[in-house]
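Here are the chains, one letter per residue:
Number of protein chains: 2
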Amino acid sequence: MATSELDVPRFGQRHRRRGPISLPTGRTAPLAGAARPPALSPLLPARPMFQTFDETALTNAVAPRVGRLRQALAKLKVDAFLVPRGDRHKGEYVPAHDERLKWLTAFSGSAGLAVVAPQRAVLFVDGRYTVQARQQTDTSLFEIEQVPAAKTSDWLLDALGTGQTVGFDPWLHSIDEVERLEAALKPSGIRLKPLARNPMDKIWGADQPPPPAAPVVAHPLSRAGRSAQEKIADVQAALAKGGEDAIVLTLTDSIAWLFNIRGSDIPHTPAVLAFAIVPAEGRASLFVERDRLSETHASQLEDIADLVPPEALTEQIDALKAARKRVRLNPATAAYWFSRRLGEKSVSRGPDPCQRAKAIKNAAEIKGARSAHHRDAVAVCRFLAWFDQEAPSGRLDEIAAARQLEAFRAETGKLKEISFDTIAGSGPNGAIVHYRVNTESNRRIGRGELFLVDSGAQYADGTTDVTRTIAIGRPKPEMRTHYTLVLKGHIAIATAVFPEGTRGVELDPLARQALWRHGLDYDHGTGHGVGSYLSVHEGPQSISRRGEAVLEAGMIISNEPGFYLEGAYGIRIENLVLVNPPQKPEGGDRAMLSFETLTLAPFDRRLIDTKLLTGEEKAWVDAYHKRVMAEVGPELDAADRRWLEGATKRL
Amino acid sequence: MATSELDVPRFGQRHRRRGPISLPTGRTAPLAGAARPPALSPLLPARPMFQTFDETALTNAVAPRVGRLRQALAKLKVDAFLVPRGDRHKGEYVPAHDERLKWLTAFSGSAGLAVVAPQRAVLFVDGRYTVQARQQTDTSLFEIEQVPAAKTSDWLLDALGTGQTVGFDPWLHSIDEVERLEAALKPSGIRLKPLARNPMDKIWGADQPPPPAAPVVAHPLSRAGRSAQEKIADVQAALAKGGEDAIVLTLTDSIAWLFNIRGSDIPHTPAVLAFAIVPAEGRASLFVERDRLSETHASQLEDIADLVPPEALTEQIDALKAARKRVRLNPATAAYWFSRRLGEKSVSRGPDPCQRAKAIKNAAEIKGARSAHHRDAVAVCRFLAWFDQEAPSGRLDEIAAARQLEAFRAETGKLKEISFDTIAGSGPNGAIVHYRVNTESNRRIGRGELFLVDSGAQYADGTTDVTRTIAIGRPKPEMRTHYTLVLKGHIAIATAVFPEGTRGVELDPLARQALWRHGLDYDHGTGHGVGSYLSVHEGPQSISRRGEAVLEAGMIISNEPGFYLEGAYGIRIENLVLVNPPQKPEGGDRAMLSFETLTLAPFDRRLIDTKLLTGEEKAWVDAYHKRVMAEVGPELDAADRRWLEGATKRL
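Protein chains in written order, with our numbering: chain X, 112 to 762; chain Y, 112 to 762.
Worth flagging that the hints you see were computed from the coordinates, not collected in a lab. If a hint is listed, it holds; no wrong ones were tucked in.
Below, in silico cross-link-like pairs of lysine-lysine (DSSO-like), each with a Cα-Cα straight-line distance of 27 Å or less:
hint	chain 1	residue 1	chain 2	residue 2
1	X	K587	Y	K695
2	X	K262	X	K297
3	X	K313	X	K186
4	Y	K695	Y	K729
5	X	K722	X	K587
6	Y	K456	X	K297
7	Y	K729	X	K722
8	Y	K297	X	K436
9	X	K456	Y	K297
10	X	K722	Y	K722
11	Y	K297	X	K352
12	Y	K432	Y	K456
13	Y	K352	X	K262
14	Y	K352	Y	K456
15	Y	K478	Y	K527
16	Y	K722	X	K695
17	X	K729	Y	K729
18	Y	K436	Y	K456
Bound conformation, chain X alone (with noise of 0.2 Å):
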């Protein structure tokens, strides 16, 4: 997928944000001139696919709305307030419930920041949105800000004057970011303030949806390798280690990783929105509705962890506090409510030590992600012979295409949601980095133009996330050479060998040495850290200029390197790779890990100019395709066979 937002500046904590998630609104009109459509499976969620705007009906709505906040402002005598696009947990995606800032300015970008003043307001926002954003909201309301350059302290320093203060929703925001904010506005005597209850909700009123509460469900033991109980002793050892007596987990995949459980609560990552506070000793409390679980499920959880109803969390926490607990908390994640509520004194500030176990995937993990890639490799390639055969008729669409793919993903009766809002990017919409099709922008797949998909599926057995670029027809030279030198710093990453103790960092520049030859670059990251049937990005491992986590043996990471000609095509080339456990290389002295690629579909042959390859370089292609042909060959009718053998013949 697109590891744009991996290097690209934003408002937010954690380093996996996606574009906009869809709209609640709107069908795509029926398949633009496919062939063979499959019918969409019954297993596929029932959610619209492609964005649609009426972008006009929303932005008139701007005006009303900052109206009725700047009264309720007025009311809670506060000089401005911070609308952030983000929820309680922070994640990378947000429940309509709380898409706040959407329904403020109409700004629908996956991440942003609004500041509503009585006379002014701001909408920060990061360069991948600065026209959408000018497009989409009121701009005779709203300033239009470009993060990182401008600050928000900067326009608060602007617009307010001493002894005045700024409201903000304390579980909206992280400690960090509130204490950022409060050092930068305190010598000038500005004040933040926090809300009791967000004046937003009570503007927004009944039209707001309501929180997601969808099932909770298990992930049996075969598939999660370690049981819930033995995961929960790891944390209570590493808190009896820092000395602490609980940690207040706020990340939602940490929580669906501890305890064992998946949910549907979000878009594309199967997380349930949820707290959980583990002791040092004693049982751990999962904050969660218990009829949201089966009754069967409910108990066996009880057997290790108390299910406590949401609203008992304050209580929770000021027990902490009364019996005077050393609580662990991560000021990068955290919302800010929990430090104020416990206290300077309770707060022990810590790393979620989840977050490093979950990435190191055990032996069940491994054998679910390998058997998912499998069945992943198969709709992958169905779709790329389809798409091979349909797309020179000229009367593909962007839409039609990812459409088409997801029902093939579907047609393998085990997808239990695509994991990500697919990029199907052709001729210049492939070099918009984070793009996400909609019916606005969706074009028909020209002749003589690159296509870039980008996409996954998540199964109950594993996670996927993979991107090709094909040619349709005969390409340019100076698409074969961008291809190819993109192809080079993919392989570079594939056979990389490297000690134990590298971190991420040390990779990146292996991926982006034949580009940097040619003078090109890319501006994003080269891979960032994969779930196990969880989220599609996840820390603490990436391949980028801030790779600072260790690579470990056992970790999934994504392999996409790039290319991206403006107005012209876009090339990006992914497949996951797994960390191998260190060996000796003969003739070595010490043990070396190197990767294991899971995703298995061709390259495109007609884009590789082998004279670019080294001998090297073209037998590792070989050896790939020749996989991709023995393991997914077997699994494809006739035609399709026929065709894999074609695109994975000898280069």
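We have chain X already, so just place chain Y on it with the hints.
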């Protein structure tokens, strides 16, 4: 040179510390078996070249000295005392006056810390020195502990109890160092106490060498490229930007650079042991005895700065405090004395702006570097020709080879000093990364062995540092394999192309890839910054796992991957490289940085296994050799030129 120190843990404050300095006693026997020994040039500074040991006498002196220190501590009412290796500037080299650790413990390593308590004493050293420390000191008195596993604070917590006090010399520890130790001891009620006078100096008494006070000379504008006035104005602009009133400079290479002065207070680095204060407005103060400068030079300097007697430093610091000035100190390198004297309210913590500015060489410095490298190349090539003729006789030893190399450098007529103690390791000695030959370790260079020689020169126009590994007789196949893998890493750096903003950490793996694939690696950084007729180790730039500084056009850095087979041989190939200005490669859309190799000396063709090189790598070696022949050949006599012709033939 050996960058092992780059990545080896140490006590230190700066990442440029070096092997043992020469002992101020002894001289080696006459040249052993060296043919054609040119007389040492009269320009060569008179100093003992190689360490000789009378281990027993030194070790026997330890007990009485520790006894006297313990008596002194009892009188001072402190329960332990810290004896670091270092002076008030925390630089790489330490003048004899400050070799308190060696005088007390007989340990001559380049990094270490002793702690003496009434009943116990400990010597902390890093992994390079555990064996040497045991051999040199009196182990019936000193426990030997290895950092970073062992911590000073843990030892003190074990040896002392609540209410006890640890004395230290506030001039010999950085602010960071003292604060970290203080924080670790505080919870146990152990206090740190800065002592007004170092008790070591009293017991050392009349035998303690006086502080150095060598002449201070001008570094002419033609070589410096920028006037001291301009540089001071830049520092003042940085202070104004930071809202600070002054900066105290404590790093000797910063001061030498800023005032365009050079000296010979310490071996190998032509810096001046001095302090300076630069106010945001007004005249800078350089604390140095006026009579160390010529009258002309002193008056010239007084046009732009005050020459203040060192005794007046305290007074000026007190005046800054009294005037409530904000004074910048670098807590990582400035002595604790300064922050204590100024008081917390007056101290502003920040970097020394001279360090980065000094690292980016201007046109005059670059011209000087090229010229110094050309001159040095002639000496090195003469040495290599000589060595190739003499070594097979089996009569050469390491000291003879090192002396001969220095003699060729002296014959240039321009040698000021060698830039560090030559590393000349044959056979197994080559595998000791921090090896410095002494009369005890000196061994004859045998046939079938490898000889590693790492050396450099200080010329008025530039500093050099070069390593070659040479085969004597026919090398074993595995030597050729290992050499070629190291060469591949060297070429990968030499030919690297990278965008602006790239940090050294991102290039480091390029030098290791070939070794990693064979399960091999080296435990030191790949490159360190090099000064302009200043320290052969300078920051902030480095190519290493810790290379967080961005590489900028004009920086000079070493390129020195290696491989070490314990007990058998060491391989290192080192050239200095200069970061070129950004240039846009043809067909590219971004400007890229690259390196110009400054060092000119052939690689040993007998050690290159061409089967392991790609076509591009072979072409690079051939082009480099052609350049060596073209630039150095005309400067050699006929015999040496013939040798160089053979040594630079196409692969």
